[in-house]
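Here's the letter readout for the chains.
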Amino acid sequence: MPQSTVRILFRFLGSMNLAITLLVAIAIAAVIGTVVQQNQPYPDYVLKFGPFWFEVFKRLELFNVYSAPWFLGILGFLVLSTSVCVYRHLPLIIADLRDYREHYQRTALLRQPYHQQLELPATAVSMERLTGLLQQHHYRFRIKPQDGETLIAARKGSAGRWGYIFSHLAIIVICIGGLLDGNLPLKIAEWRGKLVVETRRIPASEIPPLSTLGSDNLSFRANVDIAEGDQANLAFIDYKDGYLLQKLPFSIQVDDFRIEHYPSGQPKSFESDLTIIDPALKQPLKQTIAVNHPLNYKGFSIYQNSFGDGGSHLSLQVWPLQRDGQPFELKATVKAHTPLEQQTLEISDFRPFNVTPDASGNKQFVNVGPSFQYKLRDATGVANEYLTYMLPNQQQGRWFFVSGMRSKVAEPFEYWFIPADQQQSLQRFMRFYQDLHNQQKLRQIALDAVDSSKSIQPADIKQRQTVVAFMLKLASQFVEGGYPKIAAEIEKTVPEDQREQVAGLYALTLQKLLKNLYLDVLHQEGIKTDAGLSEFDNQFFTDAVEAANLAHFYGSPWLLELKQFQHIEATGLQITRSPGQWLVFPGCLLLVLGVFCMFYLPQRRIWLLLEPQAGTASLLLAGQAVRNRYDFDREFALLAQQLQSFKS
Amino acid sequence: MKSLEYSYQPVSYWQSRTAYDSVWLLLLLAGSSYVAFEYRALMDGYEQAILVFTALMLVVLGWHWHALKTLLLVVTGFSLLAVNSYGTDLGRGETAFLLKYLWASQSAIMWMSALYVMATVCYLAALLSNRLFVGKVASALTWSATAMGLTGLLVRWRESYLMSADIGHIPVSNLYEVFILFALITALLYLHYEQKYQTRSLGAFVLLVISAAVGFLLWYTFDRHADGIQPLVPALNSYWMKIHVPANFVGYGAFSLAAMIGVVFILKNRAQQLNPQGAINSRLPDLALLDDVMYKAIALGFAFFTLATILGALWAAEAWGGYWSWDPKETWALIVWLNYAAWLHMRLTKGWNGNPMAWWALVGFFVTLFAFLGVNMFLSGLHSYGEL
Ligand code: HEM
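Line order of the protein sequences matches chains A and B.
Quick note on numbering: my numbering labels position 473 of the first sequence as 473, and the sequence is numbered without any gaps.
Quick note on numbering: my numbering labels position 23 of the second sequence as 23, and the sequence is numbered without any gaps.
I should point out that these hints are in silico values taken from the structure, not numbers from a laboratory.
Note that beta-carbon positions come from the ideal geometry of N, C-alpha and C, so glycine has one too.
Some clues are possibly wrong.
If we take Cβ atoms under 7 Å as the criterion, some of the chain B residues that face chain A in the derived model are [said to hold, decoys possible]:
1) 235
2) 299
3) 318
4) 319
5) 326
6) 328
7) 334
8) 351
9) 353
10) 355
Given these sequences and hints, build the entire structure.
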């Protein structure tokens, strides 16, 4: 290239216009990066922007702006431009720092933005007084005799010029450090086909080498969840629409995880006891980490990031809801799949306690006990989701077991309240509800009801059978769909003008059947009912009928009751390696230093040209300030005033 | 005949300290030693260092600005009275008369709000009537509001510890608290420039921003009931919060101040062209002064914002596992910073000044506002401590 082209290029790179354009470009890119949420799963973007714009945005890498080549390119240019700028300014500034401008002649002084001519009595002026005054204003000076006159050239605030160098060098250093820690190497490896993003949910042992990074990777940020008592020597890097496996040169063992809570149930602190197992260590390294207190080991930092369930063991009691049958026990593990007849039980979470604001509203909190959340997936893959509490919960003075159901993840749970008996168990309700499915028992109860009825002749076998059949049908409709189902049947089969009357009759019959069924349950429990029911038993009946009425919403063949649990927690760790920080942090210090110097130690110059004449000394005071003119106005005026006062 | 031996007596920084300055130094030494000793169990080494640093800063600031000394002494007095009145029983906030109506944090903050609004009205009245007395009243109201607000924050700090020792924390942890901080810092910066440059006519404009902040605060209190003291989430529980947040708010406050000075500049510039003899032109400060103070405010804001962003990065390196995550709040801080870096370059190297820079300062304010509030409202991320 010819000399002049290089020079033009150089000048362009170091130009202010380019610098400002780059600053603005980075700002705009950053705005885009915050408006378009970054690093989300691709399907979410397709939904949000439609297939066309999704493709366009993907090409422009708007889903990972901050690691996009074009963005890194702008950053690179900024580094280059700032470097050139510093390179070009450095010699000038250093020359300027050495220079007191003591060669300035009277004409040059008169060209300065500040100058003032003073006449003082010769006796009042001495070199010491003049320089003393300058020193008082923190100026440093040089004295130069110029044919018959004496020039004192003074300046202060050279740190201001250093500030420029510090701060701009700092920008370069910080950017280079940041680029080192960015995922530029991953980009390059991916581009060269040495790296493929893994998008499948598969066990770590099956992840192919092409998606695995060795433990010699210099810079990364990866996550791993480890259950208490377990250890891991790998972690996962979120990358684009998938992840990469990062191997570690040591194993991390989690000995214990603890979480503390505020009375309101909010987490207060969480911490993990870790052991680092490394062949290079004579003896394993033990340390406790907490939020804001990471562990640093061999350039790796291990952070307490999150927590979750590490596969708690739950003992469940399975109550059949859609047939009569004995409850049975089931052992299940959180985060694992457990077959349950034709269905699969997928427990996603277990919480050892749930704190909610007290219903009384006076800023008290109550712990309503453990809960677990799970999906029941049938053979066709359709699943409902449930949230079930272990202990009964008090509502208006009565105790209920509570379980929530939803068929779509986005919806809130709908809760089913099942009354608890006097032993705080599900036993009585389940007996009652299962008897509702027991045809034999129902028939027996219906027959007894018919027998005790005065309106039906015992001899009229046909009528008796019709009535019993009718009662059984009502019961089965009630079980299938509660009162609404019965009402719907009436609407279908009964002319409009008779509906009300029929509905009344049906309700009465059903009520009677349910009551007798309930009394039978009480008799089974050994409770005598001849003298009427206790208040509790009465209320329980009402609640049980209401629960049975709503049972069909629950949409599950089982109610899973949590009997016992062994809580196992998992700690979420973040493991990082960022060698760039050893550039970034010192760079930051330099930046702060530079910026404060630039603003608060601005460079100023003062000249005093002294021309002794008979009796009076003629003084030319001149000054120059790069910035903060307004303050310099005052300083200059003050100086002039102080010089004037020499007269007296 | 004057003596030839008359030699110039340089008065050094130390020699120009008054007796009041010495008392100030002693009080701060005594106060911070007491705190360091009394609460040593609650502070780690970093917090002790922050305490020492804060005390030194206050010594220097107080020596530099006399009114500040008086303000802080009054605030300390109020706060001690309130703390004493509370004893160990938070419930006294409802029963003790002076707490309930003056010094319990919520009451003090209500006083602050009312006084700032009154000050705004007075500054406006002073500008319109051109009466010195009204202007003095406005300044006094602003000082009083600031005293009440500072007291409110300090007392709130104590109240949080009275709730429970593990809930206690410095009151800069959520949007409600930092809005108070914002109003206070903006007011203090303004008062400093007002004293230094005799620019009371700026008050009406600057206090407008503070009144807007107060309006938000009241809405946030009464509509959202966000004024309760909440325990800290684990990530916030760090000494970094004590320096990162205040540094940030010096930045926000200074940028807002600069923007309002920009508005005055634009108005005055207009008035000068359209109606040089009019009241607006004659009552607003000189354009050169406005330009200069605007630059100073932005420079101050920029320096502190740089510091705050860096402190944030250091904190992030400790809490989130990386000094920079491109989290929206972080990213917007960078945008604000780049914007003012460009502003400073234009002014200092290209020599731009006047109207365009004033407009740019105003635009910068909206960028800042977005970083401060908009991010919480529209974007989600790691910094989700002050959601609206
Ligand atoms: C991210 C990049 C940059 C940042 C944040 C930045 C920041 C600053 C700041 C804050 C000032 C202070 C103004 C003052 O003295 O009060 C400044 C001054 C200056 N900057 Fe930059 N700058 C950057 C890049 C550049 C580049 C690329 C150039 C070269 C074209 C440049 C040239 C200058 C010059 C010449 C000055 C004035 C120095 C003086 O007169 O003391 N800056 N910069």
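Each hint, compared with the structure:
1. The interface hint given for residue 235 of chain B is met, as the beta carbon of that residue sits about 6 Å from the closest beta carbon of chain A, less than 7 Å.
2. Evaluation of the residue 299 of chain B hint against chain A yields a held restraint, the C-beta minimum of about 4 Å falling below 7 Å.
3. A least Cβ separation of about 6 Å between residue 318 of chain B and chain A falls short of the 7 Å threshold, and the interface hint therefore holds.
4. Using the Cβ-Cβ criterion of 7 Å, the hint placing residue 319 of chain B at the interface with chain A is satisfied: the shortest such distance is roughly 5 Å.
5. A cut of 7 Å between beta carbons decides the hint on residue 326 of chain B: the least distance to chain A is about 5 Å, and the hint holds.
6. Annotation: interface hint on residue 328 of chain B holds; nearest CB of chain A at approximately 4 Å, less than 7 Å.
7. With 7 Å as the threshold, the beta carbon of residue 334 of chain B comes within range of chain A, its nearest partner Cβ sitting at about 6 Å, so the hint holds.
8. Given hint, residue 351 of chain B at the interface with chain A, is violated; its Cβ is 11 Å from that chain's nearest Cβ, farther than 7 Å.
9. Taking 7 Å as the C-beta contact cut-off toward chain A, the hint placing residue 353 of chain B at the interface is violated, the least distance being around 11 Å.
10. A cut of 7 Å between beta carbons decides the hint on residue 355 of chain B: the least distance to chain A is about 18 Å, and the hint is violated.
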